[in-house]
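Got chain A sorted already, so can you dock chains B and C onto it with the hints?
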Amino acid sequence: MKTRGCCASICQCFFEYSTPKILVIRSFKVGTLNRITQALVIAYVIGYVCVLNKGYQDTDAVLSSVTTKVKGIALTNTSDLGLRIWDVADYVIPPQEENSFFVLTNLLITLNQTQSHCPEVPKTGFDCTSDRDCKAGSRDTRGNGVQTGKCVKYSAVDKTCEVLAWCPLELDKEPPKRNILPYVNKTYLEQCVFNRITDPDCPIFRLKDMVTEANEDFQTMAVHGGVMGVQIRWECDLDMPSSWCVPRYTFRRLDNKDPVNNVAPGYNFRFAKYYKNGNNEETRTLIKGFGIRFDVMVFGQAGKFNIVPTLLNVGAGLALLGLVTVVCDWIVLTCMTKKNIYNEEKYSYVDDFQLVSNSFSNLRMTCSILLIVPVQPFWPKFIILDYSPVFSIPL
Amino acid sequence: MKTRGCCASICQCFFEYSTPKILVIRSFKVGTLNRITQALVIAYVIGYVCVLNKGYQDTDAVLSSVTTKVKGIALTNTSDLGLRIWDVADYVIPPQEENSFFVLTNLLITLNQTQSHCPEVPKTGFDCTSDRDCKAGSRDTRGNGVQTGKCVKYSAVDKTCEVLAWCPLELDKEPPKRNILPYVNKTYLEQCVFNRITDPDCPIFRLKDMVTEANEDFQTMAVHGGVMGVQIRWECDLDMPSSWCVPRYTFRRLDNKDPVNNVAPGYNFRFAKYYKNGNNEETRTLIKGFGIRFDVMVFGQAGKFNIVPTLLNVGAGLALLGLVTVVCDWIVLTCMTKKNIYNEEKYSYVDDFQLVSNSFSNLRMTCSILLIVPVQPFWPKFIILDYSPVFSIPL
Amino acid sequence: MKTRGCCASICQCFFEYSTPKILVIRSFKVGTLNRITQALVIAYVIGYVCVLNKGYQDTDAVLSSVTTKVKGIALTNTSDLGLRIWDVADYVIPPQEENSFFVLTNLLITLNQTQSHCPEVPKTGFDCTSDRDCKAGSRDTRGNGVQTGKCVKYSAVDKTCEVLAWCPLELDKEPPKRNILPYVNKTYLEQCVFNRITDPDCPIFRLKDMVTEANEDFQTMAVHGGVMGVQIRWECDLDMPSSWCVPRYTFRRLDNKDPVNNVAPGYNFRFAKYYKNGNNEETRTLIKGFGIRFDVMVFGQAGKFNIVPTLLNVGAGLALLGLVTVVCDWIVLTCMTKKNIYNEEKYSYVDDFQLVSNSFSNLRMTCSILLIVPVQPFWPKFIILDYSPVFSIPL
Numbered sequence: 001m002k003t004r005g006c007c008a009s010i011c012q013c014f015f016e017y018s019t020p021k022i023l024v025i026r027s028f029k030v031g032t033l034n035r036i037t038q039a040l041v042i043a044y045v046i047g048y049v050c051v052l053n054k055g056y057q058d059t060d061a062v063l064s065s066v067t068t069k070v071k072g073i074a075l076t077n078t079s080d081l082g083l084r085i086w087d088v089a090d091y092v093i094p095p096q097e098e099n100s101f102f103v104l105t106n107l108l109i110t111l112n113q114t115q116s117h118c119p120e121v122p123k124t125g126f127d128c129t130s131d132r133d134c135k136a137g138s139r140d141t142r143g144n145g146v147q148t149g150k151c152v153k154y155s156a157v158d159k160t161c162e163v164l165a166w167c168p169l170e171l172d173k174e175p176p177k178r179n180i181l182p183y184v185n186k187t188y189l190e191q192c193v194f195n196r197i198t199d200p201d202c203p204i205f206r207l208k209d210m211v212t213e214a215n216e217d218f219q220t221m222a223v224h225g226g227v228m229g230v231q232i233r234w235e236c237d238l239d240m241p242s243s244w245c246v247p248r249y250t251f252r253r254l255d256n257k258d259p260v261n262n263v264a265p266g267y268n269f270r271f272a273k274y275y276k277n278g279n280n281e282e283t284r285t286l287i288k289g290f291g292i293r294f295d296v297m298v299f300g301q302a303g304k305f306n307i308v309p310t311l312l313n314v315g316a317g318l319a320l321l322g323l324v325t326v327v328c329d330w331i332v333l334t335c336m337t338k339k340n341i342y343n344e345e346k347y348s349y350v351d352d353f354q355l356v357s358n359s360f361s362n363l364r365m366t367c368s369i370l371l372i373v374p375v376q377p378f379w380p381k382f383i384i385l386d387y388s389p390v391f392s393i394p395l
Numbered sequence: 001m002k003t004r005g006c007c008a009s010i011c012q013c014f015f016e017y018s019t020p021k022i023l024v025i026r027s028f029k030v031g032t033l034n035r036i037t038q039a040l041v042i043a044y045v046i047g048y049v050c051v052l053n054k055g056y057q058d059t060d061a062v063l064s065s066v067t068t069k070v071k072g073i074a075l076t077n078t079s080d081l082g083l084r085i086w087d088v089a090d091y092v093i094p095p096q097e098e099n100s101f102f103v104l105t106n107l108l109i110t111l112n113q114t115q116s117h118c119p120e121v122p123k124t125g126f127d128c129t130s131d132r133d134c135k136a137g138s139r140d141t142r143g144n145g146v147q148t149g150k151c152v153k154y155s156a157v158d159k160t161c162e163v164l165a166w167c168p169l170e171l172d173k174e175p176p177k178r179n180i181l182p183y184v185n186k187t188y189l190e191q192c193v194f195n196r197i198t199d200p201d202c203p204i205f206r207l208k209d210m211v212t213e214a215n216e217d218f219q220t221m222a223v224h225g226g227v228m229g230v231q232i233r234w235e236c237d238l239d240m241p242s243s244w245c246v247p248r249y250t251f252r253r254l255d256n257k258d259p260v261n262n263v264a265p266g267y268n269f270r271f272a273k274y275y276k277n278g279n280n281e282e283t284r285t286l287i288k289g290f291g292i293r294f295d296v297m298v299f300g301q302a303g304k305f306n307i308v309p310t311l312l313n314v315g316a317g318l319a320l321l322g323l324v325t326v327v328c329d330w331i332v333l334t335c336m337t338k339k340n341i342y343n344e345e346k347y348s349y350v351d352d353f354q355l356v357s358n359s360f361s362n363l364r365m366t367c368s369i370l371l372i373v374p375v376q377p378f379w380p381k382f383i384i385l386d387y388s389p390v391f392s393i394p395l
Numbered sequence: 001m002k003t004r005g006c007c008a009s010i011c012q013c014f015f016e017y018s019t020p021k022i023l024v025i026r027s028f029k030v031g032t033l034n035r036i037t038q039a040l041v042i043a044y045v046i047g048y049v050c051v052l053n054k055g056y057q058d059t060d061a062v063l064s065s066v067t068t069k070v071k072g073i074a075l076t077n078t079s080d081l082g083l084r085i086w087d088v089a090d091y092v093i094p095p096q097e098e099n100s101f102f103v104l105t106n107l108l109i110t111l112n113q114t115q116s117h118c119p120e121v122p123k124t125g126f127d128c129t130s131d132r133d134c135k136a137g138s139r140d141t142r143g144n145g146v147q148t149g150k151c152v153k154y155s156a157v158d159k160t161c162e163v164l165a166w167c168p169l170e171l172d173k174e175p176p177k178r179n180i181l182p183y184v185n186k187t188y189l190e191q192c193v194f195n196r197i198t199d200p201d202c203p204i205f206r207l208k209d210m211v212t213e214a215n216e217d218f219q220t221m222a223v224h225g226g227v228m229g230v231q232i233r234w235e236c237d238l239d240m241p242s243s244w245c246v247p248r249y250t251f252r253r254l255d256n257k258d259p260v261n262n263v264a265p266g267y268n269f270r271f272a273k274y275y276k277n278g279n280n281e282e283t284r285t286l287i288k289g290f291g292i293r294f295d296v297m298v299f300g301q302a303g304k305f306n307i308v309p310t311l312l313n314v315g316a317g318l319a320l321l322g323l324v325t326v327v328c329d330w331i332v333l334t335c336m337t338k339k340n341i342y343n344e345e346k347y348s349y350v351d352d353f354q355l356v357s358n359s360f361s362n363l364r365m366t367c368s369i370l371l372i373v374p375v376q377p378f379w380p381k382f383i384i385l386d387y388s389p390v391f392s393i394p395l
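Residue numbers (UniProt numbering), protein chains in the order written: chain A, 1 to 395; chain B, 1 to 395; chain C, 1 to 395.
Next comes chain A alone, as it looks inside the complex (with noise of 0.2 Å):
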């Protein structure tokens, strides 16, 4: 009999079907507003949501690989090299490197430097009178080598600690206000040049339009270089044809220009070229290259539909949904004239306390009155669903 029962209550259960009771009210002003606030959620989900925002979609990162490359020659006519040809092979330091390439385009040069004694340059710290002044082995980091512990002459005037290091010693001054490259251009091999209102979508780019797209000046930032990002994005909706996919290209200089809170303004670094002369003697030219390096950095992703984000969202909708109804509700139950009789419609009571406070049930008892005029005895049974104390009121 208890399996019976129980199998009994399952068939019971699965072929029932549960659908909340509802109240319609049908009212100008309710309606109006009802249809108005599901007009606005629905707008909201379907237009914002999926359309707009393409919420309807699964979206993943851009993924990629950059190839560079740079054309163009540069002339110097400068007291340390004489008059001087740099091609690329000379100004791209190093000569390939991935999403990224280095232009020279200043530079202090030391020549036929080789490891031997001399004296450093003079700076706080390095200055000297005697031997006592210079300690052995000392090493300080902004100097050039290791001091020997001897104090010798650096110039008529300046007596400095000697050190073994790279001789003659970098003067580490300004940057001089050269011209090395006005005019590089970017893989000429097509004849297209980047113009974006002309040619968006030409791949091939004029450093100093780079630049100033940027809102700089290619002049000033060459002396003392910079870091310039090329920043390439990617935006593809999968679902539409793939001819739509185009990178967006955009420039900005990615360097802080303030001298003041900056610990290294400009970009540079030093690099040198390393010789033997006829002696089998290493000798080295030390160069501090200032430079532009162009960093490209491709972002973006990609969007295809995917219904779990549609579900997501359209289920987060349609919980929304359900704030109107609290709204209306609201309104209706405390704004509205017949708001008394709305809310008899809509609630039933039921008492679970021993004791009802006559205060409340006051409240409610005056309403019913009103309504069930005029009542026989035995109405309880036929307003069993409205609400009423069942249990309290006897009949």
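No lab work stands behind these hints, which were simulated from the structure alone. Just so you know, these numbers come straight off a predicted model, no measurement behind them.
Put simply, identical chains are the same to the list, so a pair is met inside one copy or across any two.
Below, a list of computed lysine-lysine pairs in the DSS-like style, where the Cα atoms sit at most 27 Å apart:
#, residue 1, residue 2
1, K71, K177
2, K173, K150
3, K173, K69
4, K71, K273
5, K71, K135
6, K123, K208
7, K153, K123
8, K288, K177
9, K339, K21
10, K159, K135
The following block gives chains B and C in isolation, referenced to the frame of chain A:
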């Protein structure tokens, strides 16, 4: 009295539990439809979203660093260089990079360049008949140097503008078909070699195998160079043992092979080696190196259980169950034979209209007559829970 | 008439507001349980999801570019090189990279290599007794060159196959324990140095401090090299003042220290410096450099208020409140003493079955008898809104 009423209301509100009134329709058809649809939604939320899509997990992208090492020897025998050995220090340029390594596979070499004057390579714009055709100081971006203004003999038949450049100039022609690197292994210290079937976790790859897996031919690719992507994908479930978390390797060619729609087919760059000859004059060897750049791209994500996405998906799923009610309601109230009874049971109507047009009320009155037979003239009182403009019809 | 009925239906539908009918159970136990559960859900949605997890924000990943500079001097005194100074141009290889810099800490140097013939280094596969053991043209990937086919003396006791290679060959042995870089500072222009407690925002780091923070010993790591990650984390709330958005630095060793389960312990690579001797013959110095590569890894995300994720989380939270009703319903209709009354008040039944089996109807009849006392023999009529096949029982 007011405060007492206010506190009383709040208490009354606190101890109330509101639950919607439910109409339970016991029907084979509707019940089965209802349960099946609910089962579908629950199967979707639990099975697809949570279990398959791991919707209960929060994810984070992988952050990686890659070190690579290349090993192997190559031998070339050419007219310009003679018999020559190439080892790692010769063909990996630059010697170390992050996330990438370049292997030289072909080259055009120009030996013993010095800064001097020589005739430009014959090309459109450089050909001339007299000095008037050459403009001193002109710097064509396709050229090799700065024009001096003279028109000189290039060969027996050609005359071109003289330039200050690294002479002799490079003759930029098609790279020869060499066989520089037939067999280069990566880090041979271990004896394993990556094989997708037998050794999928061995991090030692034959360059040739990587290129073959990308459906490319190494020898063809080696002539003009190219860019290969080594994609290392990490998909980890941090709720599972960490030994399950292994990388998956795939290889693909990244550069565009199509020579027509391509700015610069293949992959090459120029670099130089600098020397000083017996006269302390700087000479250099210019090398236009063609090769394959291997970009190691690590991507992927790890997921771990998190309460927030779990409850987000559960919440959205619950809201979707609301759709089931909408669908079943529509079927029940439109298609079923007893739809009128269900309509009566489910809906109660309250009008807010002062005047109710005859056409509206006729629609409903007809139904009420059918249902409530026999109906007394005072029927509004007795069917108080169906629809009635309670106040507008006097008792 | 039809169109008028159709328009009328649409208007009628537009001005309707449907609200579910509610059964309010006033009970201390159920009310309190209900309010507590609702408060928990609301506290979870607002407190945890929105405030703590910032669920109201849309996020985007950081896109960064890094510039680094290294400063400092090292001194070595070895048999092969003698007393030698190393500055930045000597030990940072390559001189500039994006997001990474390598500092040479140890080396194996092979001077004055030229392309010539010499015996291979004794190793399995290279040892021989006569020319028959050496195959001309053979190129072992562990070797240094291409075999000539001759078997020559390597030392007093060993004979190995002759190769065409850069001779003399490198003797790849354990790197010596040197102390090349005991004290290297980064960009010393400012006087601050990063300290996690006193100076957490100073972007100037001692290499030794970085290694120590990663629980490693610089001297031990310097012998074989390694890879250090400098993790810069940006977590920014764009709804807050921008001054709150500062980077957090952490350091960790990225390479695997375990020498057993590791293809290539430490970090090293080979590079060469090329020279031309008096006879215009190319020589080179081969350097196997061991060092620490510092990878600067920038990651993080910024969040800003956005209506879409906010409403998504609110919607899902509202749906979760529906669970509260499910739980409380179950308690009320199963565990409470007055569950039968609540069942009656909440549920109305309509059967779609032609024949109702006795077992089913008995279950319900029992309940109805209990509730509707006194009940007359014609009770089906009077409990018309409970369950009854209205049409099948004639009045």
